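Got chain A; can you put chains B, C and D on it based on the hints?
Chains as they are written, first to last, in the UniProt record's numbering: chain A, 1 to 284; chain B, 1 to 284; chain C, 1 to 284; chain D, 1 to 284.
Read the hints as simulated data drawn from the structure, not as lab findings. Hints are not guaranteed to be accurate.
Unchecked claim - For lysine to aspartate or glutamate, the following EDC-like pairs were computed, each having C-alpha atoms within a straight-line distance of at most 20 angstroms:
(1) B:K203 - B:D228
(2) D:K129 - B:E128
(3) A:K148 - A:D178
(4) D:K252 - B:E270
(5) B:K252 - D:D255
(6) A:K6 - C:D248
(7) C:K252 - D:D40
(8) A:K6 - A:E116
(9) B:K153 - B:E183
(10) D:K279 - D:D226
(11) C:K203 - C:D244
(12) B:K6 - C:D40
(13) A:K187 - A:D228
(14) A:K6 - C:D244
(15) C:K129 - A:E128
(16) C:K6 - B:D40
(17) A:K6 - A:D66
(18) D:K252 - B:E34
(19) C:K279 - C:D228
Since we're looking at a predicted model, the values are computed, not measured.
There are 4 protein chains.
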Amino acid sequence: MQQTFKLVIDCPDQVGLVAAVSQFLAEHDATIVEASHHTDLQLGHFFMRHEINADSLALTKASFIDAFEPIAQQFSMNWHLTASAEKPKMAILASHESHCLIDLLHRWHTGELNCEIPCIIANHAHMEKFAEWYQVPFHFVDFKALGKNAAFKKVSELLAHYDADLTVLARFMQILPDWLCDELAGKAINIHHSFLPSFAGAKPYQQAYERGVKLIGATCHYVTQDLDEGPIIEQQVIRISHSDSAADMVRKGKDCEKTALANGVRYHLEDRVIIHQNKTVVFA
Amino acid sequence: MQQTFKLVIDCPDQVGLVAAVSQFLAEHDATIVEASHHTDLQLGHFFMRHEINADSLALTKASFIDAFEPIAQQFSMNWHLTASAEKPKMAILASHESHCLIDLLHRWHTGELNCEIPCIIANHAHMEKFAEWYQVPFHFVDFKALGKNAAFKKVSELLAHYDADLTVLARFMQILPDWLCDELAGKAINIHHSFLPSFAGAKPYQQAYERGVKLIGATCHYVTQDLDEGPIIEQQVIRISHSDSAADMVRKGKDCEKTALANGVRYHLEDRVIIHQNKTVVFA
Amino acid sequence: MQQTFKLVIDCPDQVGLVAAVSQFLAEHDATIVEASHHTDLQLGHFFMRHEINADSLALTKASFIDAFEPIAQQFSMNWHLTASAEKPKMAILASHESHCLIDLLHRWHTGELNCEIPCIIANHAHMEKFAEWYQVPFHFVDFKALGKNAAFKKVSELLAHYDADLTVLARFMQILPDWLCDELAGKAINIHHSFLPSFAGAKPYQQAYERGVKLIGATCHYVTQDLDEGPIIEQQVIRISHSDSAADMVRKGKDCEKTALANGVRYHLEDRVIIHQNKTVVFA
Amino acid sequence: MQQTFKLVIDCPDQVGLVAAVSQFLAEHDATIVEASHHTDLQLGHFFMRHEINADSLALTKASFIDAFEPIAQQFSMNWHLTASAEKPKMAILASHESHCLIDLLHRWHTGELNCEIPCIIANHAHMEKFAEWYQVPFHFVDFKALGKNAAFKKVSELLAHYDADLTVLARFMQILPDWLCDELAGKAINIHHSFLPSFAGAKPYQQAYERGVKLIGATCHYVTQDLDEGPIIEQQVIRISHSDSAADMVRKGKDCEKTALANGVRYHLEDRVIIHQNKTVVFA
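Extracted from the complex, chain A is given alone in its bound form (with noise of 0.2 angstroms):
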């Protein structure tokens, strides 16, 4: 598989700027397997993303980051690169409910997904061996015997421990503490189960019900502190009818939460996420 190198660049928009990064990347002879642009014109604000192929480059990771830095300064760039050679490492934590769990470790089994994943943390000890197929460890937290706070500081740690890049909420039903959403900010993704910003909070398929909408949805989002209110990445939604029960609902909404989460997770993976004000442009 092809090695690539992704630059990742937010910045306020000034002329010349497009003209200088392409002007350095054709300096040092990148390929450019995929670019996109996107300027947000109320804001002023500009957003760029190249995906470009290592081998055409003259250029380490290293060595690229020490001479795009002048560049980077002169613009007042936020900025990342990333190789795709350095697999980043997702952490998932589970609950009960596996359907986003099982989905995910396959996704990530069969290549779709460019990452590691060094630890499974749950709160329900029952796929522990399914875990061990796919060779993930996995991490039984009890959160009734030990209680929340002691449980989420030895979630904490375990995520420390494997040094999580990034911390997937594959439909985990306990409300993190406003530390450790601060401690994973920008790196923890969550799958809420409606179509928000309605239906936040608990029990969405059972809102939806009483409400009597005619669809429902998933939404893939940042964790924040403000529960169900951070940045969006991703929303699915399923026709549903007067003939569906809450259970009905459930069930369908469960393909919603699968392809939304999923589809959030992969664009973040492969850094085509930018997170501004609370909002997201997703380089899809």
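For chains B, C and D alone, coordinates are given in the frame of chain A:
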């Protein structure tokens, strides 16, 4: 075109009620074009709609009603019978944006909507000539000159004058007063330009833009005193991205609005909708 | 979980037949959970499905069948009665790609699919350990070593041995011989990775890529001798663009395949599908 | 409204070409409103579109073209520059069904489509008065009286007379002769009422009904000599079921047709489409 009767029933669920209805229909030689049943198991409530070939029946509408009444009483039914030959009168309220108005007129004119359109009432005058092509009376009610109270009194008088069976708010941008909502209860359909319950009230596309959602939508619902809280008939959504400005959302949303409203109105006109406790059963 | 009977009927349309069936059900105190009717006006053919609370009935399955037979004969019905307590046996045929297999196993294991899975038969061996977690017997049939004829004979013997009521081809990449298609007529479901009738046969995503379509899809259908020509149960599509390579289409298409197959299989297992003249009525 | 230039380029992929173009734009102070890139890795071909704030540029259109030509030659570019101030002239061909015609007129009239409509040419006369409201010249060409050859000669003369840049077949039900297809190559857009390549040719909804598909659609494509085989710009689908007659499909399909055609036409008018080897790149 084949004429039909629609027999629409809801009542507490009970063994024998389908047998009683279908026995009645068979005795009168009814050929059934379409039959739909729904049992709300949670509420123990039953919903049923029959579309019957009118020519197959040995009954007039009046004699059908008389003959069926004992069964209806036995099972405590809410029910009504309509004849496709008697077209309901659908008045349209419109404002400056004309996409929903034009869409409804076209569908009506080409036979998609089985109704008469006795009048268009608008708080802008610019579509008067357009309405002429369709030979539909157009009334400009000058809300600014008359003031809101007098203007809505005028609207109500016009609806009474034209004997409207249904009033459709085709992106009508004035909020109906409570007394008019009550007057039109179950007989007025609105299109709201968001995926309710998200973004109720004013400027939904701007709200959607600010929240950074990845799908926008439109909701067709019955008008009630509680703004944007009435029973939902139909919803449509469309995908958007970071590259869509609020103006792009307005453009994309219009297609959702037209389709959701047209579907909702058609379901109502074909007696496919039963309102029950702020929700709808829609035999689409 | 509540047990139900499903009574599924199709027959020439005739006045009085719904009355006869509902009269029969009422006489035996049947509480109806769900009832669906369809009249094909062009063919003059009638389709009906009842889901009945088994506890409400004063009849066993056997006595129901005996008692109903005279009505069935009177109206020349094709009909059958199934009891949810008797779970059908669903065998799965798989190849190297495992996404559909894994999806079906998960849905079955979490109760979404009301069936037993007596065996998995595959022409690749790599999922054997995975199947163990679900405690489902796994048979590797070595098509290369045995040759196609002997291999399919082996498959047929295994299906007979396990007494399979339904055989699901979960992206099984061997074309069934005619004699096996006949053996499994109406009892084998395939997923084809295109939006049929577009791109039947081999390499549909490559075909789609070459034609430059803007949506791709998947089709769940009954297996017949004519490749990809059997009655369609369910289809799903997903949007693509010029930026999707054939490999991207493969990835995106998998989500369509899983959903279309899972839906189609569930409809079949819940007796929601009636095959009539190479088309299906699906009471979804 | 802000005026823009659109610079649209395709050429063999090569290191340095983005740098050259963006360098050129920066040198002339171009503020970029929207930029899109695509590399077809399989073909080694590159596609690029820039939308540039016209006021930011120190160049007129003519001087831009002169100044850019050397770069274009250096990289063997196919390219063109358009100015939003110069609206393309879009002629519409129509038949009896008017939904696409009415939809396009409304979108044009409300500013969604940046073009002039110099004329409508139809082989039915009934929309003449309607066109008057929009003040668009309407030409009835009597195919029956004139015969097909003479009629198409007349159509071609009218298109020449009105100097049409684009010809839209808005459900125009006459098959264009080869010579006219050639005349209009890359400048004529058709809407076909099926999800191509399924159901090309006559009566696609009847074909769909007979095959028993579960989704129907519409395809917007450039006209070529090979009927329904031209480069696809946009497709839309809608779910159907066994309960939809061919007439229901016609009704539902119209919504797909209108949306697919309107999108495709808008993409073309905004110079978002590049045709390459019977496929399109659409920078939507």
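Given hint C:D40 paired with B:K6 - CA-CA distance at most 20 angstroms: 18 angstroms, holds
Straight-line alpha-carbon gap C:K203 to C:D244, limit 20 angstroms: This hinted pair holds, its Cα atoms lying about 16 angstroms apart.
Given pair status - B:E34, D:K252, alpha carbons within 20 angstroms: Holds - the C-alpha atoms of B:E34 and D:K252 are around 18 angstroms apart, at most 20 angstroms.
Distance restraint between C:K129 and A:E128, which requires alpha-carbon spacing of 20 angstroms or less: 15 angstroms, holds
Hinted pair A:K6 and A:E116, Cα distance within 20 angstroms: This hinted pair holds, its Cα atoms lying about 18 angstroms apart.
Pairwise hint evaluation, C:D244 against A:K6, where the allowed Cα distance is 20 angstroms at most: Measuring from Cα to Cα gives roughly 18 angstroms; hence the hint holds.
Given hint D:D255 paired with B:K252 - CA-CA distance at most 20 angstroms: 14 angstroms, holds
20 angstroms Cα cutoff - pair C:K252, D:D40: 19 angstroms, holds
Straight-line alpha-carbon gap A:K187 to A:D228, limit 20 angstroms: 15 angstroms, holds
Pair hint outcome, B:K153 versus B:E183 [Cα-Cα no greater than 20 angstroms]: 12 angstroms, holds
Hinted pair A:K6 and C:D248, Cα distance within 20 angstroms: 18 angstroms, holds
Restraint status (C-alpha distance of D:K252 to B:E270 at most 20 angstroms): 16 angstroms, holds
Violated hints: none; the structure is consistent with every hint.
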